[in-house]
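2 protein chains.
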Amino acid sequence: MAAAATNPPSTPKPAMRDSLIAAAFQLFLERGYEQTTVDDIVTLAGVGRRSFFRYFPSKEDVVFPDHEQCLDDMTRFLAASADSDDPVTRVCDAARLVMRMYAENPTFSVQRYRLTREVAGLRTYELSVVWRYEKTLGDYLRTRWADRKDGTLRANVAAAAVVAAHNHALRRWLRSGGEGEPLEEVDRALEFVRATWSPDAAAGTGGDPAGEGAEDVVVVITRRSTPMWRVVREVESSLGEG
Amino acid sequence: MAAAATNPPSTPKPAMRDSLIAAAFQLFLERGYEQTTVDDIVTLAGVGRRSFFRYFPSKEDVVFPDHEQCLDDMTRFLAASADSDDPVTRVCDAARLVMRMYAENPTFSVQRYRLTREVAGLRTYELSVVWRYEKTLGDYLRTRWADRKDGTLRANVAAAAVVAAHNHALRRWLRSGGEGEPLEEVDRALEFVRATWSPDAAAGTGGDPAGEGAEDVVVVITRRSTPMWRVVREVESSLGEG
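Protein sequence lines correspond, in order, to chains A and B.
Going by this note's numbering, 217 is the number at position 208 of the first sequence; the sequence numbering is gapless.
Going by this note's numbering, 243 is the number at position 234 of the second sequence; the sequence numbering is gapless.
Note that these hints are calculated values from the structure, not bench results.
Any given hint could be a false lead.
Note: identical chains are not told apart, hence a pair may lie in one copy or across any two.
Stated by the list, open to error - With a straight-line cut-off of 35 Å between C-alpha atoms, the simulated DSBU-like cross-links for lysine-lysine are:
1) K68 - K158
2) K144 - K68
3) K144 - K158
Based on the provided sequences and hints, a complete structural model is requested.
Shown next, in the form of structure tokens:
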């Protein structure tokens, strides 16, 4: 909660909303999620019930307060794509927005992760959020690949792969208690997917909208059959070029 | 319902369980899912409430009566794998068990699909079932790829890809009202994934139906500051691993 107050998301949020989130998490941690009612939360926050429901449709929504904003950001980011953008690179960049949201408040993210492990209803809620991200990425890919015979299948599979890679990195980071560099971890995981589904789009071009400082990472994609001297030359030229 | 009665699943089920499913679906279709109570179902089936809860933990479970059995079948199928089985081919075969379950009763499957589209709670329930299939496939792949440096990531991404391909075929078939050959459709979708993730296991046709030639892409991610000898060693070990 302290982290939420000192490190607010980019969009300014009403103070009342933040108080409700802080009060809710204080109670969830103290007495458990199931044992906390909306009445308890509004009493601690010193506001009325209607204020709670103005911001959150249900108690579950206060646990995941930033996903709606992040889904909006992702949709806008994808809508702003150029035809020249590599589609898979673009959805990988879109997925990074989610990791960035988590990384903004490590304490809050880790607390929520632990809560979600304990409460079955929250896990289910989370699955539906994940599905919405996957659908958002899939919609974009389906449009970009509309001309391909296998476009829809490819879009669905690639979107699922991106989400799985992102969540792999996210869960590792959350499980570690928020240690390490989540954005580097997600870069590695997403690069694995990007190279699988879009091997021709050379890494380093485009990408990195987050300005996450991947600049000193060199990615070499080659085929098993490529002779080693050629791989070395490619690495050297990548290193030299900057 | 008629389909459920005339075309029972392979495992013999108590008649009472089948009567409860038939009664539940009759009421769901007549008056809607939300408007049907467990009391209504047991009254129509002519049994007591306790009988209902002996077979189904909740009203939602009666909508998806065969997933527990199918998850068991999948787990047993994967546990019976040999080390010589190609892991990705094996999880594709495991996913076919799910499609086969749906294909056994097209009428019931299509009715349920339509119901699930209308009731938000059932969609969420379905997502949690899908997640359990994905986890079952992922667990198997993680074990098979335990020796690989990228084993866990690869397992998570491949499991998600298999589930997405399966569901792509399943949803197309359900949306069409159960027309066509669902098992052929899922074969095509799964072959796309198999060729992507396990290009070496030739499926007779030599894989890569998408013609994308991703057959043996090696990805090396390194930092600019890494000495060249170390990069070469990493490339060599990737190439050697197979």
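*Is it within, between, both or neither when you check K144 against K68 at 35 Å Cα-Cα?*
both (24 Å within a copy, 27 Å between copies)
*At 35 Å max between alpha carbons, let me know whether K68 reaches K158 within a copy, between copies, both or neither.*
neither (44 Å within a copy, 41 Å between copies)
_Regarding K144 and K158, is the shortest C-alpha distance of 35 Å or less found within a copy, between copies, in both, or in neither?_
Classified as both: same-chain Cα gap 20 Å, cross-chain 30 Å, threshold 35 Å.
Of the numbered hints given earlier, the model fails hint 1 alone.
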